[in-house]
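There are 2 protein chains.
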Amino acid sequence: MAKDKQFVTEITPQSEDFSKWYIDVIKKAELMDYSPVRGCIVFRPEGYEIWEHIQRDLDRRFKETGHRNAYFPMFIPESFFQKEKDHVEGFNPELPWVTEAAGEVLEERLAIRPTSETMIGHMYSKWIQSYRDLPVLINQWANVVRWEKRTLPFLRTSEFLWQEGHTAHETEEEARQETRQMLEIYTQFVEEVLAIPVIKGEKTPSERFAGAVNTYSIEAMMKDGRAVQAGTSHYLGNKFAVAFDIKYLDRNNELQYCHTTSWGVSTRLIGSLIMVHGDDRGLALPPKVAPTQVIMIPIGPAKTRDAVVARVDELYAQLKQAGVRVRVDDRADVSPGWKFNEYEMRGVPLRLELGPRDMDNGQVVLVSRITGEKRVVAQDQLVEEVQKMLDETQQAMFDRAKQFRAENSYSVDTLEEMKAAMEKKRGFVEAGWCGSEQCEKTVKEETGATSRNIPFEPETHKSNCLVCNAEAKHTVIFARAY
Amino acid sequence: MAKDKQFVTEITPQSEDFSKWYIDVIKKAELMDYSPVRGCIVFRPEGYEIWEHIQRDLDRRFKETGHRNAYFPMFIPESFFQKEKDHVEGFNPELPWVTEAAGEVLEERLAIRPTSETMIGHMYSKWIQSYRDLPVLINQWANVVRWEKRTLPFLRTSEFLWQEGHTAHETEEEARQETRQMLEIYTQFVEEVLAIPVIKGEKTPSERFAGAVNTYSIEAMMKDGRAVQAGTSHYLGNKFAVAFDIKYLDRNNELQYCHTTSWGVSTRLIGSLIMVHGDDRGLALPPKVAPTQVIMIPIGPAKTRDAVVARVDELYAQLKQAGVRVRVDDRADVSPGWKFNEYEMRGVPLRLELGPRDMDNGQVVLVSRITGEKRVVAQDQLVEEVQKMLDETQQAMFDRAKQFRAENSYSVDTLEEMKAAMEKKRGFVEAGWCGSEQCEKTVKEETGATSRNIPFEPETHKSNCLVCNAEAKHTVIFARAY
Chain S
1 MAKDKQFVTE ITPQSEDFSK WYIDVIKKAE LMDYSPVRGC IVFRPEGYEI WEHIQRDLDR
61 RFKETGHRNA YFPMFIPESF FQKEKDHVEG FNPELPWVTE AAGEVLEERL AIRPTSETMI
121 GHMYSKWIQS YRDLPVLINQ WANVVRWEKR TLPFLRTSEF LWQEGHTAHE TEEEARQETR
181 QMLEIYTQFV EEVLAIPVIK GEKTPSERFA GAVNTYSIEA MMKDGRAVQA GTSHYLGNKF
241 AVAFDIKYLD RNNELQYCHT TSWGVSTRLI GSLIMVHGDD RGLALPPKVA PTQVIMIPIG
301 PAKTRDAVVA RVDELYAQLK QAGVRVRVDD RADVSPGWKF NEYEMRGVPL RLELGPRDMD
361 NGQVVLVSRI TGEKRVVAQD QLVEEVQKML DETQQAMFDR AKQFRAENSY SVDTLEEMKA
421 AMEKKRGFVE AGWCGSEQCE KTVKEETGAT SRNIPFEPET HKSNCLVCNA EAKHTVIFAR
481 AY
Chain H
1 MAKDKQFVTE ITPQSEDFSK WYIDVIKKAE LMDYSPVRGC IVFRPEGYEI WEHIQRDLDR
61 RFKETGHRNA YFPMFIPESF FQKEKDHVEG FNPELPWVTE AAGEVLEERL AIRPTSETMI
121 GHMYSKWIQS YRDLPVLINQ WANVVRWEKR TLPFLRTSEF LWQEGHTAHE TEEEARQETR
181 QMLEIYTQFV EEVLAIPVIK GEKTPSERFA GAVNTYSIEA MMKDGRAVQA GTSHYLGNKF
241 AVAFDIKYLD RNNELQYCHT TSWGVSTRLI GSLIMVHGDD RGLALPPKVA PTQVIMIPIG
301 PAKTRDAVVA RVDELYAQLK QAGVRVRVDD RADVSPGWKF NEYEMRGVPL RLELGPRDMD
361 NGQVVLVSRI TGEKRVVAQD QLVEEVQKML DETQQAMFDR AKQFRAENSY SVDTLEEMKA
421 AMEKKRGFVE AGWCGSEQCE KTVKEETGAT SRNIPFEPET HKSNCLVCNA EAKHTVIFAR
481 AY
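As they're listed, the protein sequences go chains S and H. So the first sequence is numbered by our numbering: it starts at 1 and just counts up by one. So the second sequence is numbered by our numbering: it starts at 1 and just counts up by one.
Do not rely on the hints blindly, as some may be mistaken.
Intra- or inter-copy, both count: the list cannot distinguish identical chains.
Capping the alpha-carbon separation at 27 angstroms, the derived lysine-lysine pairs in DSSO-like fashion look like this [stated by the list, open to error]:
| # | residue 1 | residue 2 |
| --- | --- | --- |
| 1 | Lys126 | Lys27 |
| 2 | Lys28 | Lys247 |
| 3 | Lys63 | Lys28 |
| 4 | Lys28 | Lys126 |
| 5 | Lys126 | Lys20 |
Read the hints as simulated data drawn from the structure, not as lab findings.
When you get a sec, could you build the whole thing from the sequences and use the hints?
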């Protein structure tokens with residue numbers, strides 16, 4: 001790198017073209033790259049590590065609530081998809097098929113899993129005999145494939161990574177409780193760890209998972225006002241139990257079908273957190289999932305350099321020891337200013353600067369990526385001060401995202417009002433809905449927005465359907481969505 | 001469960017039929033189940049958790065040596081396999097092909113990765129421009145598929161889980177150092193964590209990875225004397241760099257091909273540790289990867305039961321708090337004797353018994369699954385005593401496996417001696433080899449054994465080839481292998 005190299009962001013401003021901004025940011029920050037296979041991306045280390053932090057935290061929450069991990073084959077015999085009518089209709093259009101292997105044409109072609117209800121249902125029917133075998137609480141971390149027409153890195157790719165929980169229960173009540181519990185875990189995780197506020201609610205029938213009795217979701221608002229479904233949890237009733245013959249002898253020695261659930265989040269969470277927190281300078285990563293939480297940059301003239309770098313290295317060791325994910329950039333041929341821009345672009349939450357005057361004063365300068373706040377702190381308080389500022393940054397990111405959502409949420413009574421709201425600015429629109437699929441369709445055709453969910457806790461309870469003006473059955477959040 | 005239920009092992013003795021013993025054990029202990037897809041198994045929670053402990057430990061070692069994880073698409077365009085001659089020859093016979101997706105026939109069919117040198121090579125050629133970009137040190141945890149004719153749960157399945165490291169370097173020396181470093185990491189991991197002694201060495205040319213310049217392996221002896229290749233590390237020279245155009249501008253501003261490596265271990269490690277440590281009573285799991293390290297069983301008559309269970313729960317909390325993976329089986333309708341057998345079958349390293357007399361004496365009884373040793377320890381010393389006994393059990397398992405290997409290793413000078421050794425008992429046979437493929441083939445045809453590797457540290461340096469009696473170039477370990 002030349003000494004005089006200028007930092008050029010090459011990032012399209014969000015206001016100019018949000019989609020282009022998104023691609024610019026994730027490529028420049030080396031989170032991903034396109035692959036030679038249509039719709040499939042490479043998760044580069046900087047992007048994959050975010051997923052690793054997501055996995056670690058969620059996995060702990062799953063295990064604390066009694067779930068265990070397992071792994072099922074990714075190949076699903078074609079006949080399995082015929083067993084549950086809604087499921088086959090929902091997924092058939094997106095399946096890739098293995099038709100040959102080891103030089104021979106297969107007798108029955110194999111789909112690559114788009115989700116594993118069928119394979120897991122088949123196995124549960126073998127494992128579950130009695131109420132004593134219940135509940136079965138299993139989660140799988142896996143790759144899945146949905147051959148999508150339009151793809152977008154992280155948010156919609158042909159192959160993606162996810163977790164899928166699959167549980168089987170004695171009673172409807174217990175299964176429904178599980179469904180709600182997992183939605184609650186997702187909510188806590190996404191809000192606390194990814195700093196993204198979400199709206200919890202139930203999907204309308206047309207937006208349900210293929211084969212579910214009830215689908216619940218958490219919905220997040222991106223900075224362009226569009227929605228991302230950040231997690232879903234399904235109560236499957238005994239539809240899959242009937243399709244795959246998952247029966248148990250109950251406490252009265254009678255055969256019963258199980259009640260099952262499934263729930264999942266995917267690598268689209270990475271896309272979401274970029275679109276919620278990023279700005280024109282680049283990424284902004286919540287400290288809890290940032291691969292690098294603190295970047296340390298020595299500054300000052302060449303003559304004091306060795307001493308400054310030596311002190312930086314000592315402080316690095318202290319932070320590292322305390323479990324902070326910290327890195328030093330002590331390259332001599334790149335200017336501090338260039339580095340400042342570079343790590344802001346990469347979304348590193350905190351920058352630590354140390355120069356000769358800081359050495360004399362026994363202090364360092366901490367700068368927040370989010371608020372821009374500069375804080376001069378004593379070196380002998382460094383670990384506490386860094387942890388405090390990381391916590392504050394995490395909280396500030398959540399507060400800002402919540403504020404942004406509030407500023408871009410509307411409450412309307414008629415389709416005309418909704419059109420006006422959607423034209424002015426994209427966002428979440430709360431409205432009454434009579435429950436008919438036709439009215440939902442009309443909204444989509446007229447505004448491009450789909451029903452996101454029926455919030456458990458709407459801001460206001462609407463009395464009339466925004467389309468037909470009949471009595472509202474539900475208050476619904478509508479938005480354009482990824 | 002009936003009170004009088006008898007514990008029946010249903011496990012075939014190892015001496016009667018080792019393969020049957022293996023299947024009996026892994027099914028009964030619920031490590032796996034067969035799936036409806038040929039050659040693919042389900043990793044049930046008890047089996048998958050072993051893999052999770054393997055992952056966590058190895059992943060830490062990889063990261064400590066500067067590697068980062070990433071994720072690449074599992075689909076590989078057919079044309080990629082044509083680029084490296086040896087690679088295509090080696091893997092083509094085992095590939096499954098996706099030929100259709102989303103209702104359309106693909107223009108170019110896609111293989112499902114059997115390994116990712118080609119896809120990763122393609123991406124590295126985009127990412128690497130200059131010596132400043134090197135080394136690239138990336139690892140991937142993923143599923144891979146090799147459509148094998150003969151399969152065996154864990155040891156050889158059509159779909160399996162593994163990690164594959166792929167690195168690119170400026171110089172041959174650095175790449176060779178990486179190759180050896182990873183073999184060393186595998187050795188330490190397998191010996192320290194899985195308690196399996198291994199022989200480090202280089203594969204003969206006929207046993208090399210398809211496309212490698214040198215392949216190194218660690219070889220372990222199962223209890224039937226057969227070998228398992230427990231890990232491999234390959235120096236790929238610049239064969240893949242030439243095939244995929246991975247070039248960099250060196251320090252003299254000249255274009256050079258990178259030197260690359262790859263290395264991997266897979267879920268066959270689970271099969272290996274079962275076959276190394278198990279016995280006629282069932283599994284025996286090394287404490288470091290056992291899903292349950294200590295099973296606590298309250299004993300004694302009904303009238304003292306509540307008090308005993310209450311005390312067990314207190315001690316459980318202490319062990320849990322100390323990070324021990326501990327479970328309590330306080331079922332009242334199952335006898336302690338039945339439980340003892342059950343958890344021995346499941347390979348739980350330590351059993352803790354607590355009865356009314358132990359209550360009075362402030363003690364517990366600890367029993368080792370491996371040695372059968374009973375140790376009465378004070379309750380107020382419990383955590384230390386348990387950790388000590390787990391460590392001793394881990395060490396005892398390694399020592400026993402090493403002793404077993406010593407007792408089943410032979411050193412021979414002629415093919416006749418080798419035949420005699422292999423007939424008497426399977427095991428590892430050390431012999432001289434002239435280096436010709438023909439002599440290696442003769443050994444295989446006459447004895448069923450293949451060359452495992454050329455050990456870095458052979459017991460003795462052999463002077464003549466066991467087949468042709470010409471001067472030996474190498475001392476080789478031969479064995480029948482899984």
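Taking 27 angstroms as the upper bound on the Cα-Cα distance, should Lys28 and Lys126 be classified as within, between, both, or neither? between (49 angstroms within a copy, 14 angstroms between copies)
How would you label the pair Lys126, Lys20 (within, between, both, or neither) given a Cα cut-off of 27 angstroms? For Lys126 and Lys20, the Cα distance is within 27 angstroms only across copies (21 angstroms; inside one copy 50 angstroms).
Status of Lys27 relative to Lys126 across identical chains (alpha carbons, at most 27 angstroms): between (46 angstroms within a copy, 13 angstroms between copies)
Within a copy, between copies, both or neither: which one fits Lys28 and Lys247 at a CA-CA cutoff of 27 angstroms? For Lys28 and Lys247, only the inter-copy Cα distance (21 angstroms) is at most 27 angstroms; the intra-copy one is 52 angstroms.
First find the shortest C-alpha distance between Lys63 and Lys28 inside one copy, then the shortest across copies, and answer within, between, both or neither for a cut-off of 27 angstroms. Classified as between: cross-chain Cα gap 24 angstroms, same-chain 36 angstroms, threshold 27 angstroms.
Comparing the model with each earlier hint shows no violations; every hint is respected.
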